[in-house]
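Student: Chains as they are written, first to last, in this note's numbering: chain A, 1 to 448; chain B, 1001 to 1448; chain C, 2001 to 2489; chain D, 3001 to 3489.
Some hints here could point you the wrong way.
What the hints assert, rightly or not - With a straight-line cut-off of 30 Å between C-alpha atoms, the simulated DSS-like cross-links for lysine-lysine are: (1) C:Lys2200 <-> B:Lys1322; (2) D:Lys3300 <-> C:Lys2429; (3) D:Lys3300 <-> A:Lys173; (4) D:Lys3200 <-> C:Lys2007; (5) C:Lys2429 <-> D:Lys3362; (6) C:Lys2159 <-> B:Lys1157; (7) C:Lys2362 <-> D:Lys3007; (8) D:Lys3200 <-> A:Lys322.
What the hints contain is simulated information worked out from the structure, not anything from laboratory work.
Note that this is a predicted model, so its numbers are computed, not measured.
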Amino acid sequence: MTHPFLALTDSDRREMLATIGVASVDELFRDLPTAVRLGRELELEPALSEQETFEHLAALAGQNADASRELSFLGAGVYDHYVPAVVDTILQRGELLTAYTPYQPEMSQGVLQAIFEYQTAICELTGMDVSNASGYDGTSVAVDACYVAKHSTGRTKVVVTEATNPQVRQVVKTFAAGFGLEIVEAPHRDGVTDLDEVERAAADAAAVIFQQPNFFGCLEPAPELCARANDAGALPIAHVDLVSLGVLEAPGNYGAALALGEGQAAGNFPSFGGPHYGFLAAREQFIRRMPGRIVGETVDTAGDRGYVLTLQTREQHIRREKATSNITTNQTLLALGGLVYFTWLGPQGLRELGEICLSLGAYAKQRLAEAGFEQVFADRPTFKEFAVRVGRNAREVVAAARERGVHPGHALGRDYEGMDDVLLVAVTERRTPDEIDRLAEVLAEVAR
Amino acid sequence: MTHPFLALTDSDRREMLATIGVASVDELFRDLPTAVRLGRELELEPALSEQETFEHLAALAGQNADASRELSFLGAGVYDHYVPAVVDTILQRGELLTAYTPYQPEMSQGVLQAIFEYQTAICELTGMDVSNASGYDGTSVAVDACYVAKHSTGRTKVVVTEATNPQVRQVVKTFAAGFGLEIVEAPHRDGVTDLDEVERAAADAAAVIFQQPNFFGCLEPAPELCARANDAGALPIAHVDLVSLGVLEAPGNYGAALALGEGQAAGNFPSFGGPHYGFLAAREQFIRRMPGRIVGETVDTAGDRGYVLTLQTREQHIRREKATSNITTNQTLLALGGLVYFTWLGPQGLRELGEICLSLGAYAKQRLAEAGFEQVFADRPTFKEFAVRVGRNAREVVAAARERGVHPGHALGRDYEGMDDVLLVAVTERRTPDEIDRLAEVLAEVAR
Amino acid sequence: MKLIYEKSQAGRRASALPRYENLPAAPGIPAELRRSEPPRLPEVPEFELVRHFTELSTRNFGVDTGFYPLGSCTMKYNPRINERLAALPGFARMHPLQEEGGAQGALELMWRLQEILAEVTGLDAVSLQPAAGSQGELTGLLLVRAYFAARGEGDQRRKVVIPDTAHGTNPASVTMAGFELTHVQTDARGNIDVDDLRGKVDEQTAALMLTNPSTLGLFDENIEEIERIFHGAGALMYYDGANLNAVCGISRPGDMGFDVVHINLHKTFSQPHGGGGPGGGPIAVRDILEPFLPVPAVVKREDGGFGLDFDRPETIGKVRGFTGPFGVFVRSYAFLRMWGPRLREMSEAAVLNANYVLARLKETYDLPFDRLCMHEFVLSARTMKREHGCTALDVAKRLMDYGFHPPTVYFPLIVPEALMIEPTETEAKETLDAFCDAMIAIAREAAEKPEVLKDAPHRRPVRRLDEVRAAKNQIVKFGFEPAQEPIEA
Amino acid sequence: MKLIYEKSQAGRRASALPRYENLPAAPGIPAELRRSEPPRLPEVPEFELVRHFTELSTRNFGVDTGFYPLGSCTMKYNPRINERLAALPGFARMHPLQEEGGAQGALELMWRLQEILAEVTGLDAVSLQPAAGSQGELTGLLLVRAYFAARGEGDQRRKVVIPDTAHGTNPASVTMAGFELTHVQTDARGNIDVDDLRGKVDEQTAALMLTNPSTLGLFDENIEEIERIFHGAGALMYYDGANLNAVCGISRPGDMGFDVVHINLHKTFSQPHGGGGPGGGPIAVRDILEPFLPVPAVVKREDGGFGLDFDRPETIGKVRGFTGPFGVFVRSYAFLRMWGPRLREMSEAAVLNANYVLARLKETYDLPFDRLCMHEFVLSARTMKREHGCTALDVAKRLMDYGFHPPTVYFPLIVPEALMIEPTETEAKETLDAFCDAMIAIAREAAEKPEVLKDAPHRRPVRRLDEVRAAKNQIVKFGFEPAQEPIEA
Ligand SMILES: Cc1ncc(COP(=O)(O)O)c(C=O)c1O
Ligand SMILES: Cc1ncc(COP(=O)(O)O)c(C=O)c1O
């Protein structure tokens, strides 16, 4: 049986082989030395029909406790915000879904204009001058920023605050080796970064990377952090949550040189960690050091407006070993999801969303306090999540709560010393007050 | 807050009212006598956001035991065949999804060509000369056919076999009153229609409607049935299952005058009964009596091929009270689903599908026989479903089996006398042998 | 563009089907019942399928493409969340014969939708069963029939009164329900001519069928008097709900005196029209008609559960399979929940939009009835035709070149060269302005270079199509003969 | 076409958000951290949003639109079932930090995908973590680094050998991994110049990075010799898997001697390219490199369950968040299950299609290396340029008018006026023929009326765009200034 993904009939094959002038398909592979040929069938399970594939994968999906099946307060970088139906509608349009990088702009005005609109949205949100078309995720854009900082400052050390997402720190460290960069961490004190420690570490650093709100959900003294970095000649780099930027100040307005982060919360499903988009925006002066695609406005030969990939001399396909990055395939479709999401929200919606998260967060803190759970950093204002002590090993608490249908948050013990009994609890607009009540109830049952 | 489904800002409204020359929106309603105005707010629950609407309806959906949650052998006119992903992909294209009846052909070549292709597929499947663009469902096309038969023959009686889907018979009876038609039923003997009874009843009838395979899944002696009707000057009308037509003969080849039926099995989800499409095809001579839309080929002023709605003088918007039917809105999108489905299957796939259903049906009969359940019409060849005695009230058996996660079939007691202990069991290609084993096991547990 | 059949090649296929091991061979089918020749369905790989239908879609215009002021059709925005909801397995994969206990969510949704529709129409009971407006009409008329039959007036009350502005489905339904038609005229203000009416309603009259606002987009100012005439004569009143979008939350058919209403869910309550359907045509009735409603009825039981009630001895029977087009209900229910009591704003915006376009166009085109309109209005190109030879159809075709779907043309029949324009509430002022600008520009073109209209459209995938030829040649399916060389479009 | 920002009107919105009753007021945010000016996001209703992005899509060309022979990118059909699967709530709404016990389905899927990739590449262990091919490269090179560091050769082995045909990501990755580049030439048959190579590989060499078949679409005939040279010098071999579509089930990188491979899931295993991404760049390695793979590893436990193993003392660390782009894995896993051991047919068809197009075009365009090709091949428009002044770019632009996406142009760099053509296995012969006809027609046009090429494209939504101006003016976001009047396209 001809495979549904192939179009060649037997007679097609015959005609084509005749045109090529070979007797068989095998002959097409005559350049392959016998020794490197497989010479047997691949040892894989038999081909499945679409129906069987569907049933098999639906069964696998059915073994996952996703947020439609379990009441989840997990966050820690990936959030269960509501993704409106229009996002999928647009992303599933074949003309966008099945196109590739718009090397040929006349074929790709749809994607190019969308990226231009995305870049505008990111610049508006972050208060920056230039945004690329996307990076892989919230970790890789931080790596990118290190590369920018290294080359802009000529310095070889990067400071990352301890209150920055541990995965970001880990990934930065992995790649720093290749870049010849040293990574140092600046500790937090009571949930926010110690300014003096930052100041000390920043002295000969290329950059200071911090997160706002930080990994504990606490608001950092971001303007002051940036000031200390700037004073030391290090680039202040803000890792931010786009969803927060209706209520929290734009990094561009408090002195950051670059703003970046994980875009998932804004328009992507959690999807067990990806694909999502990382966003990366900077002040104008860094435009030629930016990694990845950038779309620019131009005109066609008739003088009409159009969009193209621009400043490509930064990129690997032109600059090769001297490129600002090796990235080529990126996360355009997911970034487009972000654009659709922000178009859906609008400035009003974004602010309201931030306020709902703040209110629900306050409610959750209050209910947990009433249930006897102490906030770890009680005095700090937080956004969307907060750390709470559950009085016994948090991983055990998670396991016990899950038996009652609640995933109460992320256990911090693995990433922060002395926090074995701490849960990071995230509350998005999808968590209703009733669900928060249920969290308090279940935690009261399983912890103590 | 402006509603997301509206675009009018306050300033838009002001400008528009000024252009109209009225002071307020209220004034636009000045023609409405006060007495017929509502004068209060509608008593409805507060408006929900998209997220809340999603959660509310997902919760309702969650209370349904659909075929992804319960092992179901329900059929009786609606079947759990696999609907390939391409169907939804195409049906969700906004240009098709959100268009209406192609009155303006130059705006609607996509839909028109698709309907033309659909008509071709239906004619190929049924062996007929002309198909309309769809009727509401498998019941309404039977009603349509009665109207055609009445006007073509001038007779006022229609014979429907008892082994035709009870819902079809009921709906035909409801509308027959308005048409001035008498409906008589021809009984079955051992699961197939009694030919002599049909012959008797057909004597002065406009039509004989029968189902192939019939409601019990049994194959009728369709050629002989048609012959008897034709001999009596009554139109033989075959109600068929499109999915069967890879293995069962086309009605056009055994003498039927019209062929029609419920299209759901071919490309539509069960969807608790709709929307689906009814198909209606006929021999050429009935073309001017066909109800509903028909698309025809033509050329444009440049001589290029194109498609238009044709023979509109049959229809209500032209012929008004003399129209062949009052139908206007129909089921085009679902019929398009059928076209995509048959394009997906192809002739090979359709035959294989029929054979799989036959094999699985044979396996199910065998396993149930081994478990001690007697087929009601043991000697009859069947397609896709069959009737089996479960030894006690079949509705109770259903209830008991459902507690074990199996919906073992449809209880026939309500529609057929003496069949209180009979279940109609449907087996599509989605039911695996393991699932059939499970059916036998559960039935053995709950019946006896 | 080629037909899918012209792309077909023997041996290709888009489907793979499951193969189960160790099954008994397919049992033989008696030779005379076995398929003799396979149907010539397309043979294409999956990729070709996707490309073919994707390309077809690009040759079609939907509301997602642009402005679609097709009068009487209420081509509003179709919220995309509705599609997501209808596709939930708990809805899409639900078998309609599922035992009640396993269908509580579906039944509750239908029951809640009934309740909302009863409140919006101001009536007592609802059946969701009819598949579309016209089936709703037929069902409604059968209820009227059953009602009078039950009162022993069945043979006497044979006439249904219909105004000359009525949609074609109305007279067609009257015939199909076995009634006789009585026509009534429209007066100078676009209302039913009450004087004409008075002489036509008597003890043989079964019912009035009225669209209000009418197909002229005008609310009948004499509706109270009309109600007195019909109910005074012991007749009933049927409301064609196609224009309900004008009055939701403002005026209810029940409060106007109507006894039966059909609702076009696909118009007022936003069901994507799918190139011609599906739709939904629920009917709402006054209590006196409730006993006759189709079975099964969706009911809420004492214990709070939901169920299907088949036990309605006076029912007219079933009018469609199962309980109606459930997927349509999901969408309309979601739509209605997102509006809630704010539904009034929807109708207000629809009426505002229509009046704005009317105000901008009434100097340029003829306006047969110079009144404020409701959610739509009817212009005439009569003067243009007389003076420049361009017809409503020419205007329609030329609008395509400006990127707009044409309005409904040549309906209602009482307006010559009619252009029936329904902007709906979901359009922005900018869009309305662009449309008005185009209509005005076209009027200018008609005067200055009428051939641009006559030759229109110029910018569609095809030029103007020959409908007469189609009706004459009657090619209604692909020929397959090798002779019939594919014509490249 | 207007930007969405140009359609924005204050006060409009597409979203409604939930309102919860009786919540505490949102706590105050310290003034210096509070948003001062709202971002100027678009303000449009939901309908406008759908129309805007729908219209944008119609100005874009994907494989669903038509033939897309973009060399090196493997633009094959993307099965639609994959989208349905990735959208299942059990996948889409799965949080990556879900406890192992609640993530068995996701972990099993990843583990099974790893197993398949190991078999297809002929290697021992797989990490799915890298986000795309280039991140896979960087990861692979860091593994090489870690391997030599562990052997105490870290400071000594600083060089990575790359042929001059290599994709730009290869040298960029080498730099980013802190290695130095050694270039090696291509010989007259399109293979690596083994003589050149021999002199360049020594005890300072860490690795070779090779695409095989190369970016010329040619399988390196000396691969065995190359393997001896590198392994003989104690160096490792890195396989850029971008061209794996040529050899699945036929020849495996592991069997060719490679120690590290990245796989572009979005190429070989069909991930819709999304206008630029997402992708997936898993790496497969020989056992000697396994200890260094990124954490966490997805493992099958003794008890048959699946888990994440963070306890890998020699790991290079994490290279991406969580365990990689899971949604991509869902699609590729489904794709691979639908092929199973028949995968060989996929590669065979890809190679057959490419050779067919090559055979039809090699008389018309220059063919730098006259051999059978693998899944793609590179032509040159050098003669055309010399004789008629039309370049590869002109050919590319003119192809658009014929309804085809252009091939990759000006790559690989060693071929002047390169046209790199990759048809993929999913195209029909008719499509290939239509493309060849167009290429031949264009060559004729170049001779007869070259300005048709120079002025191309003629039938796209825009004419040829000025890239130089874009680079000079650097307008990389909307200006918002009222001065900047929207230019109508
Ligand atoms: C005024 C009027 N009445 C009745 C109908 C019939 O409704 P449907 O198309 O749903 O059958 C329509 C729409 O076509 C209409 O516009
Ligand atoms: C030969 C080759 N190597 C590497 C890459 C990089 O892969 P990716 O785009 O997934 O980062 C590509 C594709 O762009 C390629 O064609």
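Student: Decide, hint by hint, whether the structure agrees.
Tutor: Here's how the hints hold up against the structure:
1. Restraint check: the Cα-Cα separation between Lys2200 of chain C and Lys1322 of chain B comes to about 22 Å, which is no more than 30 Å; the hinted pair holds.
2. A C-alpha spacing of about 60 Å is found between Lys3300 of chain D and Lys2429 of chain C, which places the hinted pair above 30 Å, so the restraint is violated.
3. A hinted pair counts as satisfied when its Cα atoms are at most 30 Å apart, and Lys3300 of chain D with Lys173 of chain A qualifies at roughly 28 Å.
4. For the suggested pair Lys3200 of chain D and Lys2007 of chain C, the alpha carbons sit about 54 Å apart, so the restraint of at most 30 Å is broken.
5. For the proposed pair Lys2429 of chain C and Lys3362 of chain D, the alpha carbon gap of about 57 Å is over 30 Å, so the pair is violated.
6. Proximity of Lys2159 of chain C to Lys1157 of chain B is assessed by CA-CA distance (about 25 Å); at most 30 Å being required, the pair is judged to hold.
7. Between Lys2362 of chain C and Lys3007 of chain D the alpha-carbon distance is near 27 Å, which keeps this suggested pair within the 30 Å criterion.
8. With a C-alpha separation of about 22 Å, the suggested pairing of Lys3200 of chain D with Lys322 of chain A holds against the 30 Å cut-off.
In terms of the numbered hints stated before, the structure departs from hints 2, 4, 5, listed from lowest to highest.
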